[in-house]
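Protein chains: 4
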Amino acid sequence: MNLRIIATGGTFDKHYDPLTGTLSFRDSVLPAALQRARVTQEGAQACVFEALLALDSLDMQDTHRQQVLQSCQRAAEHHIVVVHGTDTMRETAAILGSAQLDKTIVLTGAMVPYLIDDSDAFFNLGFACAAAQLAKPGVYIAMNGQLFGWDNVKKNRELGRFEALR
Amino acid sequence: MNLRIIATGGTFDKHYDPLTGTLSFRDSVLPAALQRARVTQEGAQACVFEALLALDSLDMQDTHRQQVLQSCQRAAEHHIVVVHGTDTMRETAAILGSAQLDKTIVLTGAMVPYLIDDSDAFFNLGFACAAAQLAKPGVYIAMNGQLFGWDNVKKNRELGRFEALR
Amino acid sequence: MNLRIIATGGTFDKHYDPLTGTLSFRDSVLPAALQRARVTQEGAQACVFEALLALDSLDMQDTHRQQVLQSCQRAAEHHIVVVHGTDTMRETAAILGSAQLDKTIVLTGAMVPYLIDDSDAFFNLGFACAAAQLAKPGVYIAMNGQLFGWDNVKKNRELGRFEALR
Amino acid sequence: MNLRIIATGGTFDKHYDPLTGTLSFRDSVLPAALQRARVTQEGAQACVFEALLALDSLDMQDTHRQQVLQSCQRAAEHHIVVVHGTDTMRETAAILGSAQLDKTIVLTGAMVPYLIDDSDAFFNLGFACAAAQLAKPGVYIAMNGQLFGWDNVKKNRELGRFEALR
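Protein chains in written order, with the numbering used here: chain A, 30 to 195; chain B, 30 to 195; chain C, 30 to 195; chain D, 30 to 195.
Think of the hints as simulated: they come from the structure by calculation, not from any bench.
Mixed in with the good hints, there may be bad ones.
It does not matter which identical chain is meant; a pair holds if it fits inside one copy or across any two.
[Said to hold, decoys possible] The list that follows gives simulated cross-link-like pairs (lysine to any residue, SDA-like), each with its CA atoms no further than 25 Å apart:
| no. | residue 1 | residue 2 |
| --- | --- | --- |
| 1 | K183 | A123 |
| 2 | K132 | R186 |
| 3 | K132 | T51 |
| 4 | K132 | A164 |
| 5 | K132 | L48 |
| 6 | K184 | P47 |
| 7 | K165 | E187 |
| 8 | K184 | A104 |
Computed from a predicted structure; not experimentally measured.
Modelling step: build the complete structure from the supplied sequences, incorporating the hints.
Written out as structure tokens, the structure is:
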């Protein structure tokens with residue numbers, strides 16, 4: 030499969046903290062999600078998981094985006110999924126896109142956390158895992174069942190979905 | 030998006046019947062799953078859903094497979110996901126593959142029903158929706174995070190996963 | 030059954046809002062939860078549901094607690110469950126307790142919202158429904174599988190549970 | 030709390046087996062359910078869990094019912110919840126009831142397994158835990174939000190609920 034999944038935080042990975050009553054980060058849900066997807070079951074052609082960051086994407090600074098870029102550059106794999114907050118997913122995608130790596134990098138996230146009822150997260154992860162294996166080298170955003178080029182997408186905040194610019 | 034999702038039943042779509050204590054079919058879970066995935070939200074580039082069959086794939090006869098083929102042939106869409114039981118997914122894929130339609134057809138299913146805890150169904154659906162949009166025309170099986178050509182796959186029943194033949 | 034369930038909001042009833050990324054209130058989850066519990070199925074000895082308030086219990090003012098008291102006073106039922114935020118559950122219980130109604134009133138809530146993975150809400154609701162039917166008239170708090178008199182309980186905020194004072 | 034929870038199997042505790050496509054028994058879900066209910070959290074007044082049997086209640090023989098009786102007799106606790114299949118819950122309750130132990134024993138179960146979407150199991154467990162602490166010594170069945178004496182209850186198989194005989 031030759032696939033790397035990089036966690037950076039975002040809505041996808043938020044947990045509810047019963048002591049504070051807020052959503053925050055703990056260990057990523059991704060290892061359990063990949064096992065549930067039967068992607069990482071023992072003996073199967075496993076994908077590699079990397080817990081890079083655990084940030085709300087509104088808290089992401091340039092230095093964090095450089096860390097994501099470096100992870101993608103360093104990766105032995107040519108097919109990469111980056112799980113990222115939706116609010117600045119486009120900004121990180123632009124940094125990755127400008128670097129013109131010879132890899133297929135798909136950013137995805139969720140409108141509702143994986144651990145909350147009616148979440149889109151698990152679907153999006155599946156969609157991104159396929160897109161990262163099948164799309165030609167480049168940087169993409171995968172949300173609401175669509176794949177967008179990194180320079181042709183915006184988040185429609187009123188409707189809670191991603192749309193092509195043109 | 031130009032995508033058609035065809036339900037045929039299978040483990041993916043089984044419901045628990047509290048009166049009999051068995052798993053059986055009711056209305057497909059797919060319309061709700063696609064809405065949860067935010068694929069079919071109002072105003073978005075919607076995909077088309079078709080409730081064709083509701084069968085355990087062990088109960089599928091040649092006549093049923095011909096119905097699936099006819100649905101694929103008749104479809105205006107060139108990108109098709111067929112949700113199917115895993116036990117004879119390969120047989121249906123072979124019928125569709127032999128017909129050599131100029132469409133991308135991806136069969137998927139689940140090892141655990143969508144409505145049961147820890148199900149792989151929603152991930153598989155996302156994976157198949159991406160593969161149907163991105164893979165070149167042909168017939169494929171999408172399971173456990175991998176895409177297989179219809180003539181290069183078998184179900185490993187001991188391990189509960191799909192594997193390439195070669 | 031002769032049971033009334035009064036919703037006032039609290040963690041139990043919080044929904045995730047995908048547009049703001051915060052937890053807030055929409056229609057109460059309680060009607061669906063009671064149906065899932067098979068309490069309100071058609072033809073069964075139904076309980077009565079009352080959507081009174083939808084507040085974080087930290088936002089509850091004396092006037093709101095008086096509304097809860099009035100609902101309990103007015104109710105034809107002698108067995109009442111009040112679903113309430115945990116932070117000021119004790120304060121509302123004290124108001125109800127001081128009123129010395131000849132009814133069994135059980136306040137309950139949740140440490141994790143009903144709609145979030147691993148929530149205690151549904152268990153607590155079941156526990157409270159039994160306690161409201163079985164305990165002698167008085168005002169109680171039902172949390173973490175225990176029933177406390179309204180004047181013998183505190184929330185341990187460090188451990189996230191309710192404890193008896195003595 | 031002084032409460033014992035005895036698992037005997039039943040619909041409540043069924044798991045989906047992805048290799049056979051059937052519902053069967055593995056380790057009981059009850060320890061995780063009790064932790065989720067925050068009943069057994071560290072430092073709390075814990076209840077005792079006993080994994081006695083893992084049977085479909087249609088497969089329960091007299092010898093199994095004697096085992097349940099012996100567990101109840103031997104238990105140091107005076108408040109006991111027995112998680113049991115619904116089909117012969119009444120038969121086991123009759124055996125326990127005839128023994129006239131000076132304990133409060135509440136049998137409960139589920140119409141839908143704990144691990145399946147929309148299950149009533151977790152509510153029923155909460156209801157039974159309260160009833161076992163609050164009802165006077167005797168043997169009861171707790172289902173669909175009601176508590177029935179062991180000799181005044183039947184399962185209505187058409188409607189999927191328990192009803193009083195008189």
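Each hint, compared with the structure:
1. For the homomeric pair K183 and A123, the shortest alpha-carbon distance inside one copy (12 Å) is at most 25 Å, but the shortest distance between copies (40 Å) is not.
2. When the C-alpha separation of K132 and R186 is checked against a cutoff of 25 Å, the pair qualifies neither within a copy, at 29 Å, nor between copies, at 34 Å.
3. Taking the shortest alpha-carbon separations for K132 and T51, neither the intra-copy value of 37 Å nor the inter-copy value of 35 Å comes in at or below 25 Å.
4. Taking identical chains as interchangeable, the C-alpha atoms of K132 and A164 lie at most 25 Å apart whether they share a chain (10 Å) or sit on different chains (17 Å).
5. For a Cα distance limit of 25 Å, the shortest separation of K132 from L48 qualifies neither inside one copy, at 42 Å, nor across copies, at 32 Å.
6. When the C-alpha separation of K184 and P47 is checked against a cutoff of 25 Å, the pair qualifies only between copies, where the shortest distance is 13 Å, while the shortest distance within a copy is 30 Å.
7. With identical chains, the CA atoms of K165 and E187 are never at most 25 Å apart, being 31 Å at best within one copy and 35 Å at best between copies.
8. Within a single copy, K184 and A104 get their C-alpha atoms no closer than 28 Å, and across copies no closer than 31 Å, so neither meets the 25 Å cut-off.
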